[in-house]
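Chemist: If you want the building blocks of each chain, they are given just below.
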Amino acid sequence: NAGVTQTPKFRVLKTGQSMTLLCAQDMNHEYMYWYRQDPGMGLRLIHYSVGEGTTAKGEVPDGYNVSRLKKQNFLLGLESAAPSQTSVYFCASSYSGTNEQFFGPGTRLTVL
Amino acid sequence: GEDVEQSLFLSVREGDSSVINCTYTDSSSTYLYWYKQEPGAGLQLLTYIFSNMDMKQDQRLTVLLNKKDKHLSLRIADTQTGDSAIYFCAEANAGNNRKLIWGLGTSLAVNP
Chain A
1 NAGVTQTPKF RVLKTGQSMT LLCAQDMNHE YMYWYRQDPG MGLRLIHYSV
51 GEGTTAKGEV PDGYNVSRLK KQNFLLGLES AAPSQTSVYF CASSYSGTNE
101 QFFGPGTRLT VL
Chain B
1001 GEDVEQSLFL SVREGDSSVI NCTYTDSSST YLYWYKQEPG AGLQLLTYIF
1051 SNMDMKQDQR LTVLLNKKDK HLSLRIADTQ TGDSAIYFCA EANAGNNRKL
1101 IWGLGTSLAV NP
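So the protein lines, in turn, are chains A and B. Heads up: the first sequence at position 44 corresponds to 44 in the working numbering, and the numbers run straight through without jumps. Basically the working numbering = 1-based index in the second sequence + 1000.
Among the clues, some could well be false.
[As the list claims (entries may be wrong)] Ranges of calculated distance between the beta carbons of each label pair, as one might list FRET restraints: (1) A:7 with B:1019: 37 to 47 Å; (2) A:44 with B:1066: 22 to 32 Å; (3) A:96 with B:1041: 21 to 31 Å.
It should be emphasised that the hints constitute simulated quantities derived from the structure, not laboratory data. Using N, Cα and C, we set each Cβ at its ideal position, and we do this for glycine too.
Kindly produce the complete structure, drawing on both the sequences and the hints.
Modeler: Here it is, written out as structure tokens:
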């Protein structure tokens, strides 16, 4: 099992450009999450999904969109990137019960 | 709202025990977790404790939960340089346990 994978690992964007981050999990987990991690801010939840075809906003959703068309994939989109979106993005997945979250290796995004 | 607090830094000598502390505000927490993040990597679950337990031991790790004081601690026995990392405390809310409430993380430095 690969667990949770994220694509790409690194990306540099110019202000105004768009991109999509892909998260995939092979553990048949119902729940998936996108976080951003910034120095001194800990982990902040952007969006999450409790099942295929459903998404919900987290604490910092502005400027991001998500889609969960397939159970194993959760996409995070930036339509018009801003320097404030420079961050490390983590995807996670979990199953019901203990809600133990399994994390991907992260995507380091820089917006110039 | 719910909050999880941790001290930001801890420094110990190799071979000593480390104790990382966490306080939380939600009295209806169901599960409490400790995650470890090594430099440049995603988060890994170290251990978790169900709210009706007061202690859990797993090899060098001991978790203590004081529900009355809403205090959680992680003790690492015989701390090694490989334990240097950021340790995150998180709780699952009984009202919405699909989301976790995260502390900001404690950076543990182990000195030889």
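Chemist: It remains to establish, for every hint, whether it holds in the given structure.
Modeler: Here's how the hints hold up against the structure:
1. A:7 with B:1019: 37 to 47 Å: With a Cβ separation near 39 Å, residue 7 of chain A and residue 1019 of chain B satisfy 37 to 47 Å, so the hint holds.
2. A:44 with B:1066: 22 to 32 Å: holds, 28 Å
3. A:96 with B:1041: 21 to 31 Å: holds, 26 Å
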